[in-house]
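Protein chains: 2
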Amino acid sequence: MTKHYDRFQPTICINEDDHREFDAIFIGGGAAGRFGSAYLRAMGGRQLIIEKGDHLGGQCCKNACVPHHLFFDLTVQLDQLRRFGGTYVWPKLDFKPKLADIIQMYLNGRENLYDFMFEQSKEQLGIEFILNHEPRIIDNHTVEVAGRAFKTKNIVLALGSRPNRPDIPGLHLKGVIDHTSLVEGVLDYEPERMVVIGGGHTMAPYASFFCALGMETTVVNRSPVLKKMDLETKAYVLDMMRERGVKFYENCPPLAILGEDRVTGVKIRTPEGEKVIPCDTVFLATGMRPNSDYPRQALGIEVDAKGTVIVDEYLRTNVPNVYAVGDLIGAPMEMFKARRSGMVASRNILGVPTRWQVGMFAEQFHSFYEVTYLGLTEEKAREMYGDDLMFIRMPPGDRSIALPAAERSITYSFLAPELSGFQKAIIQKSTRKVLGLHHVGFGAKEGFQYLSWIMQNGELTIDDFAEMNELFLNPSHFIQLARLRAGQRELVNL
Amino acid sequence: MTKHYDRFQPTICINEDDHREFDAIFIGGGAAGRFGSAYLRAMGGRQLIIEKGDHLGGQCCKNACVPHHLFFDLTVQLDQLRRFGGTYVWPKLDFKPKLADIIQMYLNGRENLYDFMFEQSKEQLGIEFILNHEPRIIDNHTVEVAGRAFKTKNIVLALGSRPNRPDIPGLHLKGVIDHTSLVEGVLDYEPERMVVIGGGHTMAPYASFFCALGMETTVVNRSPVLKKMDLETKAYVLDMMRERGVKFYENCPPLAILGEDRVTGVKIRTPEGEKVIPCDTVFLATGMRPNSDYPRQALGIEVDAKGTVIVDEYLRTNVPNVYAVGDLIGAPMEMFKARRSGMVASRNILGVPTRWQVGMFAEQFHSFYEVTYLGLTEEKAREMYGDDLMFIRMPPGDRSIALPAAERSITYSFLAPELSGFQKAIIQKSTRKVLGLHHVGFGAKEGFQYLSWIMQNGELTIDDFAEMNELFLNPSHFIQLARLRAGQRELVNL
Chain A
1 MTKHYDRFQP
11 TICINEDDHR
21 EFDAIFIGGG
31 AAGRFGSAYL
41 RAMGGRQLII
51 EKGDHLGGQC
61 CKNACVPHHL
71 FFDLTVQLDQ
81 LRRFGGTYVW
91 PKLDFKPKLA
101 DIIQMYLNGR
111 ENLYDFMFEQ
121 SKEQLGIEFI
131 LNHEPRIIDN
141 HTVEVAGRAF
151 KTKNIVLALG
161 SRPNRPDIPG
171 LHLKGVIDHT
181 SLVEGVLDYE
191 PERMVVIGGG
201 HTMAPYASFF
211 CALGMETTVV
221 NRSPVLKKMD
231 LETKAYVLDM
241 MRERGVKFYE
251 NCPPLAILGE
261 DRVTGVKIRT
271 PEGEKVIPCD
281 TVFLATGMRP
291 NSDYPRQALG
301 IEVDAKGTVI
311 VDEYLRTNVP
321 NVYAVGDLIG
331 APMEMFKARR
341 SGMVASRNIL
351 GVPTRWQVGM
361 FAEQFHSFYE
371 VTYLGLTEEK
381 AREMYGDDLM
391 FIRMPPGDRS
401 IALPAAERSI
411 TYSFLAPELS
421 GFQKAIIQKS
431 TRKVLGLHHV
441 GFGAKEGFQY
451 LSWIMQNGEL
461 TIDDFAEMNE
471 LFLNPSHFIQ
481 LARLRAGQRE
491 LVNL
Chain B
1001 MTKHYDRFQP
1011 TICINEDDHR
1021 EFDAIFIGGG
1031 AAGRFGSAYL
1041 RAMGGRQLII
1051 EKGDHLGGQC
1061 CKNACVPHHL
1071 FFDLTVQLDQ
1081 LRRFGGTYVW
1091 PKLDFKPKLA
1101 DIIQMYLNGR
1111 ENLYDFMFEQ
1121 SKEQLGIEFI
1131 LNHEPRIIDN
1141 HTVEVAGRAF
1151 KTKNIVLALG
1161 SRPNRPDIPG
1171 LHLKGVIDHT
1181 SLVEGVLDYE
1191 PERMVVIGGG
1201 HTMAPYASFF
1211 CALGMETTVV
1221 NRSPVLKKMD
1231 LETKAYVLDM
1241 MRERGVKFYE
1251 NCPPLAILGE
1261 DRVTGVKIRT
1271 PEGEKVIPCD
1281 TVFLATGMRP
1291 NSDYPRQALG
1301 IEVDAKGTVI
1311 VDEYLRTNVP
1321 NVYAVGDLIG
1331 APMEMFKARR
1341 SGMVASRNIL
1351 GVPTRWQVGM
1361 FAEQFHSFYE
1371 VTYLGLTEEK
1381 AREMYGDDLM
1391 FIRMPPGDRS
1401 IALPAAERSI
1411 TYSFLAPELS
1421 GFQKAIIQKS
1431 TRKVLGLHHV
1441 GFGAKEGFQY
1451 LSWIMQNGEL
1461 TIDDFAEMNE
1471 LFLNPSHFIQ
1481 LARLRAGQRE
1491 LVNL
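In order, the protein sequence lines correspond to chains A and B. 1 is the number of the first residue of the first sequence in the working numbering; add one for each residue after it. 1001 is the number of the first residue of the second sequence in the working numbering; add one for each residue after it.
Think of the hints as simulated: they come from the structure by calculation, not from any bench. None of these values were measured; they are calculated from a predicted model. Don't take each hint at face value.
As the list claims (entries may be wrong) - Simulated crosslink set (EDC-like; lysine to aspartate or glutamate; CA at most 20 Å straight-line):
{"hint": "1", "chain 1": "B", "residue 1": "Lys1234", "chain 2": "B", "residue 2": "Glu1111"}
{"hint": "2", "chain 1": "A", "residue 1": "Lys3", "chain 2": "B", "residue 2": "Glu1243"}
{"hint": "3", "chain 1": "B", "residue 1": "Lys1380", "chain 2": "B", "residue 2": "Glu1459"}
{"hint": "4", "chain 1": "B", "residue 1": "Lys1122", "chain 2": "A", "residue 2": "Asp398"}
{"hint": "5", "chain 1": "B", "residue 1": "Lys1429", "chain 2": "B", "residue 2": "Asp1387"}
{"hint": "6", "chain 1": "A", "residue 1": "Lys122", "chain 2": "B", "residue 2": "Asp1398"}
{"hint": "7", "chain 1": "A", "residue 1": "Lys92", "chain 2": "B", "residue 2": "Asp1101"}
{"hint": "8", "chain 1": "B", "residue 1": "Lys1003", "chain 2": "A", "residue 2": "Asp398"}
{"hint": "9", "chain 1": "B", "residue 1": "Lys1092", "chain 2": "A", "residue 2": "Asp398"}
{"hint": "10", "chain 1": "B", "residue 1": "Lys1096", "chain 2": "A", "residue 2": "Asp94"}
{"hint": "11", "chain 1": "B", "residue 1": "Lys1092", "chain 2": "A", "residue 2": "Asp101"}
{"hint": "12", "chain 1": "A", "residue 1": "Lys3", "chain 2": "B", "residue 2": "Glu1418"}
{"hint": "13", "chain 1": "B", "residue 1": "Lys1003", "chain 2": "A", "residue 2": "Glu418"}
{"hint": "14", "chain 1": "B", "residue 1": "Lys1052", "chain 2": "B", "residue 2": "Glu1184"}
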């Protein structure tokens, strides 16, 4: 692949022949800024991204979505090699895989992604941008950068977020990392005992990855982990992590990270009293915080206690002609939110008034599986609808059943059926409406995108599922399982 | 897992306390018969399946969907081990994987699936069935089996299909197999040189699997292979099979399978004249033929030249009160067709008149990738809409770009980017409607089910894609790529 730019150099990609004023300057060229820019440009407007970092595309390709997907793939690979090595097609895993090598592999590939982002943005999308330059916002119509003052009709703040630092002593110690520093290669040793602090969607993939690499891995969280999840589905996820060796301390606040200059342990409070978990590395998975300090100082942008920029339904901040998009405006800090909010801001800027609505969306994260869920949990559904509920589960009870089975899960179905996944649909009996869908396995994510779209635009019923044309073996078995029950007037669990 | 039945014994699961006449006897307990039965039972009717084989669920779990998914998983695993062995997390593949071992693994697991089918059908679905007994159809209201004559209001023929035997000499030779005999362990040696005859959705996964196992693999077809596919997408699929070592002879009719008692080669006609491809095994992937001989003889059921049972829009045959479903009624011989047609027959039988319509559906098959496609090919779209077309491709040209990337493809994205997949959306410029979607990669199948449902129930436009909430990194990048262009009034390729 030919390189299209040198990311270590300041880069200015501006069409100097275009003398129109900018409709918008996007401060930040991550997902929100880049997609907002592409949309604005596509509508015929003129924009400029000013990105102080060395690439377009933001955290996703720098240290977030991309590495955790790569690490997930290696996690599953290692799980299968450890389990099946020496049989059928799997050789014995006869060496200890090195985290440092994997990080280096990631960093090599990242260059290619940066380069593609550059090339696509410049050549295919025709957007204008400046990289490796710190912008200075003069006022709501002026941004200074690289010694030039650019006038603009609007400013779109797209500054993203950064990892939260929990309020415990010892964060400064060597060996305390998070998902952003991990991939920059800050570790000069191979961790052997890892404590992951946190309980959300970042905890699960990294704890699983560390465990798969052979590290003794312990998760510590002040409250229950994976709080948004359906409890039965969560139980499957946690059981499967425990089965691989991950230890959990839920409801055990971390009190301090211990050590002289480098980490030696984490002190936690358990119901039985204080306890020290010895470790050589601590991974913080304690959420993200919007990068709102600078615009607050520069423009007086209003933020809430968490640093979230306050916007109206058109994504306007309190300062006229200044919009905010992406992680800056708070949860969900997901790619679709970043990109779609960028698009909505651009429409509003170019005179197509569009309300920002998050809409229905599915949640996803990785463990040793892809976990995807949408709509209500069983607990929430019971709260709302009592006994007016019907459930479809696979496996229906006994986990040793060789289902679910589809790509990637089927290897487990045949060789370790308890590990082949879990899925559950929650349906309202009286209306036959699908209320919630929960999936632990492989390959269901693509489908959940469209299921959320269908559910957002109308009802999805068990009878709709029965009428669909499944592609069997499908990662989620919802369609065909629904069909087995859809003939019933009074729906019975399956 | 506890065993629930002995598949070597005749089994009669009839509720002898129920004295109602059967609403339907299903001849055959495969996907069509079992789902038709479940639906009829769910509606409150009474049914009986008579299956001469040893299990419910038909070919899918016996020798079709299930094994080819398992073999696909092993194909990808072997591809990665051969390519990356000795680096990062992959040990060197230091032994030759044995086909016979894999078949045995499959056969062990198959028992579990049969058992689950039995248990689910009996306990959860409450359907009545007889296994390991040959039915004799006396007339359109009477079936004799196991020495008893059962009266029924209707008969549903659900007899499935069997592999076509092409019209060439040498089919009797030892070493000539198909996907049904392969898994019964008919080979008492490890094949080293395999010729696959055929060019459809069965050719690709098995040729890829044999190649991944280390066999010298050659595909022979009398016409172009994968004829239904978009040509550009097909080119990617074939290039990727060639890259792994599969050889293709398209438009080269096989003339004879050669050998004394066992296969030694296949004679083909090429544009340069006749040629012999030496081999020790021939795999026939030459389509399926409906099992319509018996009902034609027993009841005078009308069939066409291909043996397809002729049905009206309510799935009725020419004989009153006799329906036909599943592979018996012809293409598409897919699971959704079998199951949904069973459901439709049951509705009609119980007085809920329902027209059979295949509806919109996506195609799927395996190679070294999951291949999924829906709607128009570029060739067909050009024929219909000329230049009124816009295309979104990933990669847009240069295959060395590290995209697409999502679960499973991302390992290739980082280590062998040319191999990370290909995807293409075809959109009508003037109406902005999505006409065709084509995907070579991993994990898109689940989504294509719902995309076909959305497209069947109305339009899907590029603007709809732009409004969806993607789960990034998603296996198909359609949503976010569409969003990069959706701002345009006049759509430009991406």
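- Enumerated hints in conflict with the structure, sorted upward: Violated hints: 1, 2, 9; rest satisfied.
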